[in-house]
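Could you put together the complete structure from these sequences and hints?
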Amino acid sequence: MKTNLVKKRTHTKSNKIYNKSWQAIIFILPGLILAIAFIFYPMIKNIQISFSDYDIMSGKLTFTGLNNYKELFNESQQRFFTAYRNNILYAVVVTPITLFLGLIIAVAINCIKKFSVTFKVIYYLPVITSWIIAGLVFKYLFNPGIQGPINYLLVNILHIIPQPINWLKTEWGGNISIWILGIWKNIGYAMLLYLAALQGINKSYYEVADIEGATGLQKLKKVTIPLIKPTSFFLTIQLLIGSFNVFLQVLVLTGGDPRGKTSVLQYLLYTRTFKLYKFGEGAAIGILTAVSILIVTLILNKKMKVDY
Amino acid sequence: MRRFRKTFTWLLLILGAIIFMLPFIIMIGNSFETFTFSLPNPPRLLPKEFTLDNFKEIINVYHIFNYFGNSVFITFVTTIIVIFISALSAYAFAKIPFRGRELLFKLYLFTLMIPGVLNIIPQFMLINELGMIGTRRGLILLYVGTGICGNTFFLRGFFEAIPNELIESVVVDGGSHFTIFKKIVMPLAKPAIGTLAILVLLGTWDDFLTAKIILGAKESLLTLPIVIHRINGQHATKYGLVFAASIITLIPVMIVYTINQKFFVVGGIGEGAIKE
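Line order of the protein sequences matches chains F and D. Numbers 1 to 308, taken from the numbering used here, label the letters of the first sequence in order. Numbers 1 to 276, taken from the numbering used here, label the letters of the second sequence in order.
Simulated from the structure, these hints should not be mistaken for laboratory data. A quick note: this is a predicted structure, and the numbers were derived from the prediction, not measured. Ideal Cβ placement from N, Cα and C applies to all residues, glycine included. Check each hint, because a few of them may be wrong.
A partial selection of chain F residues facing chain D, derived with a Cβ cut-off under 10 Å [to be verified]:
no., residue
1, P42
2, F51
3, Y54
4, I97
5, L99
6, I128
7, G135
8, Y140
9, Q147
10, P226
11, N245
12, Q266
Footprint (simulated), chain D over chain F, 3 or more residues, beta carbon under 8 Å [claimed, not checked]:
no., region
13, 27-36
14, 66-74
15, 102-109
16, 148-162
Residues of chain D placed beyond 12 Å of chain F at every Cβ, according to the derived structure [to be verified]:
no., residue
17, T51
18, E57
19, N60
20, V61
21, Y62
22, V72
23, F76
24, A92
25, I127
26, I180
27, L188
28, K190
29, P191
30, A197
31, L221
32, A236
Take a look at the structure:
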């Protein structure tokens with residue numbers, strides 16, 4: 001509202017500003033040309049490619065209708081559906097755990113006075129570590145033999161399991177490793193946003209709660225959690241959409257083994273396109289992923305009524 | 001009760017911090033360890049015999065600092081260009097009224113919903129047609145092109161906060177928008193531009209997929225993440241080399257992060273800019 005008023009005022013107040021509107025072109029143009037070339041045009045081109053066969057040698061696109069999509073849906077190994085399932089599982093597992101742990105750590109850091117910055121830095125370190133490096137460290141941690149630190153911990157120290165697990169070459173071992181890496185890497189982000197939200201809460205709410213004789217847990221449930229709802233919504237959307245972005249974890253940890261059982265959509269897109277040179281199928285995977293993300297975003301925005 | 005809760009909080013934080021740091025500790029510890037054809041058994045946090053061989057090999061045999069130089073060059077050039085062009089766009093979106101402005105901006109926003117990776121195929125074809133596969137120019141061009149929408153969006157929020165009165169006064173005095181951009185907006189938006197620069201720097205420094213696809217097999221131009229991944233592919237068990245290279249890659253990130261810690265709060269939230 002306020003900005004509208006200001007805008008109207010500038011309209012009437014000085015036409016000089018309007019006389020100089022043409023200068024906008026010079027400001028917008030460099031960015032716009034690049035955006036058209038590398039974002040808008042590729043988006044549309046992607047649709048065309050998904051309905052075609054691309055010959056990398058001649059650079060020719062031949063229209064083949066729905067062939068690429070049919071191929072994805074009908075292939076005997078069902079790799080597309082497995083990848084899709086894994087993206088959804090990743091979203092369902094990683095999002096709530098990340099939110100929950102991120103909140104707990106944020107509340108704990110918010111409680112202490114000394115060393116709060118130190119803890120913030122430590123918990124945020126995984127976020128700024130590149131996926132490749134984090135992935136390779138986890139590949140070492142989840143090494144199949146008894147030399148793998150995780151197996152050593154589970155078998156020789158805690159005696160939970162009798163035999164070392166071949167983490168990265170089994171369907172569920174691989175998926176669990178991918179999830180754990182995702183959680184470890186995302187918690188810091190959730191923590192940071194929650195911490196900012198917590199610091200924005202008016203102290204008087206807690207004073208009232210104290211007078212009413214509320215316990216710590218009650219305060220958390222009745223005061224804190226409702227007040228940081230916008231942050232939770234924002235994070236949920238970010239993490240759910242991010243779940244369609246899983247790629248490097250899979251590339252580094254499992255390579256989709258065994259036989260695509262730990263693959264995800266983007267990894268499938270990558271292998272189809274740049275290993276098998278099936279550009280059309282790759283583009284079709286891209287289109288289906290994009291449509292899925294748009295649907296998820298629309299539903300979430302409606303359901304949660306987030307105003308941003 | 002109160003003391004109990006305090007102790008519990010501290011215990012939780014310290015325990016969590018140890019678990020969180022463990023991968024880093026293992027990485028650092030093992031970068032000084034000797035790796036042969038099998039992994040050290042049993043696994044250990046600190047090396048049995050402290051050795052610098054991994055670092056020596058990664059520097060002398062793998063010439064890691066050549067790739068370090070590649071990464072520095074590509075990262076800095078990308079950051080400078082993309083921020084300059086985005087700042088120009090953001091200024092127009094924030095302060096110059098023109099027809100179709102909001103519609104165009106909505107279009108920019110829309111593209112942010114779709115992960116950039118999904119367009120990698122046509123982008124690859126385009127760079128291929130321009131004859132820029134295997135060149136730095138091609139990679140930087142693609143980084144800049146794909147970064148425009150997001151960075152313009154980020155900066156517009158900050159530019160809008162600059163009072164219109166300041167701008168009007170220059171316009172009334174006969175100054176152009178270029179004067180305003182140079183003399184008023186850029187100096188005032190320094191913190192925002194700093195924040196964004198760090199985010200772009202880190203994002204470019206860590207990128208793997210785009211660099212791999214565009215640079216291809218052009219050995220002399222490769223960036224650090226590709227090289228680290230490749231070392232692991234060549235020697236499945238020589239984690240010492242991988243970790244040594246990883247540490248060299250991580251050090252600049254850590255330095256930038258600790259120096260600009262306060263920026264990260266702003267950058268991480270990003271909400272202030274998003275809530276329109």
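The hints, checked one at a time:
| no. | hint | verdict |
| --- | --- | --- |
| 1 | P42 | holds, 4 Å |
| 2 | F51 | violated, 13 Å |
| 3 | Y54 | holds, 8 Å |
| 4 | I97 | violated, 14 Å |
| 5 | L99 | violated, 15 Å |
| 6 | I128 | holds, 5 Å |
| 7 | G135 | holds, 9 Å |
| 8 | Y140 | holds, 5 Å |
| 9 | Q147 | holds, 4 Å |
| 10 | P226 | violated, 18 Å |
| 11 | N245 | holds, 5 Å |
| 12 | Q266 | holds, 6 Å |
| 13 | 27-36 | holds (count 7) |
| 14 | 66-74 | violated (count 0) |
| 15 | 102-109 | holds (count 4) |
| 16 | 148-162 | holds (count 4) |
| 17 | T51 | holds, 18 Å |
| 18 | E57 | holds, 17 Å |
| 19 | N60 | holds, 21 Å |
| 20 | V61 | holds, 19 Å |
| 21 | Y62 | holds, 15 Å |
| 22 | V72 | holds, 15 Å |
| 23 | F76 | holds, 17 Å |
| 24 | A92 | violated, 4 Å |
| 25 | I127 | violated, 9 Å |
| 26 | I180 | violated, 10 Å |
| 27 | L188 | holds, 17 Å |
| 28 | K190 | holds, 19 Å |
| 29 | P191 | holds, 16 Å |
| 30 | A197 | holds, 15 Å |
| 31 | L221 | holds, 17 Å |
| 32 | A236 | violated, 9 Å |
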